[in-house]
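Sequences and hints are given; from them, build the entire structure.
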Amino acid sequence: NAGVTQTPKFQVLKTGQSMTLQCAQDMNHEYMSWYRQDPGMGLRLIHYSVGAGITDQGEVPNGYNVSRSTTEDFPLRLLSAAPSQTSVYFCASKVGRYYGYTFGSGTRLTVV
Amino acid sequence: AQSVTQLGSHVSVSEGALVLLRCNYSSSVPPYLFWYVQYPNQGLQLLLKYTTGATLVKGINGFEAEFKKSETSFHLTKPSAHMSDAAEYFCAVSGGYSTLTFGKGTMLLVSP
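From first to last, the protein sequence lines stand for chains A and B. Residue 101 in our numbering is what sits at position 101 of the first sequence, and the numbering runs on without skipping anything. Residue 122 in our numbering is what sits at position 10 of the second sequence, and the numbering runs on without skipping anything.
Any given hint could turn out to be false.
Stated by the list, open to error - Here are a few chain B residues that sit away from chain A, every Cβ distance over 12 Å (derived from the structure): (1) 130; (2) 132; (3) 176; (4) 195; (5) 216; (6) 220.
As the list claims (entries may be wrong) - Taking lysine-lysine pairs in the DSSO-like style, the calculated list, with each CA pair at most 30 Å apart, reads: (7) B:180 - B:216; (8) B:216 - A:14; (9) B:216 - A:9; (10) B:181 - B:170; (11) A:9 - B:161; (12) B:181 - B:216; (13) B:161 - B:216; (14) B:181 - B:161; (15) B:161 - B:180.
Everything labelled a hint here was simulated from the structure, so no lab data went into it. Ideal Cβ positions, reconstructed from N, Cα and C, are used throughout, including at glycine.
The structure is reproduced here in structure tokens:
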């Protein structure tokens, strides 16, 4: 099993550009989430999903969109990149509500 | 609502000394608690978790944590630190929600 796969690993965007961060898992997990990690801030939840076709907002959803058309994939879209979105983004999945997450290796995004 | 407070953004120990990383939580329902470790430029790896039952839980790499309901704490310990333990550690809580809420993290520094 590959676990949780995130692409790309690194990305530089110009302000105003859009892009999609890809996330795929092969463990048949129903729950998937996107977090961003900033120094001294821990991990903050952006969006999450409890199954195909179901998504909801987390703590910091502004400027991001998600969709969940399949169990395996949970892409994160940046609509119009801003320097404040410079961060490391982690996708994570888990099998059920009370279980721990399996994390991807992250995408380091810089917006200039 | 749920929240996590990790006391100390940095903790320094000598190799062979006791490791103690503090975590206090807030949850309106019985919590599920987790500790994760993050090595540089990597994703988060689950160290251990408390769900129900025994309040002293053992994890990987010789770490353990004790759930104390009266103190709303879930401190992480290891009897003897090793250089390879140097990393950032995150405490997280799930109070019945579909996602985890993370603390801001504690960087463990181990000196020879």
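Going through the hints against the structure:
no. : hint          : verdict
1   : 130           : 24 Å, holds
2   : 132           : 19 Å, holds
3   : 176           : 16 Å, holds
4   : 195           : 23 Å, holds
5   : 216           : 4 Å, violated
6   : 220           : 15 Å, holds
7   : B:180 - B:216 : 21 Å, holds
8   : B:216 - A:14  : 29 Å, holds
9   : B:216 - A:9   : 23 Å, holds
10  : B:181 - B:170 : 18 Å, holds
11  : A:9 - B:161   : 28 Å, holds
12  : B:181 - B:216 : 21 Å, holds
13  : B:161 - B:216 : 18 Å, holds
14  : B:181 - B:161 : 15 Å, holds
15  : B:161 - B:180 : 14 Å, holds
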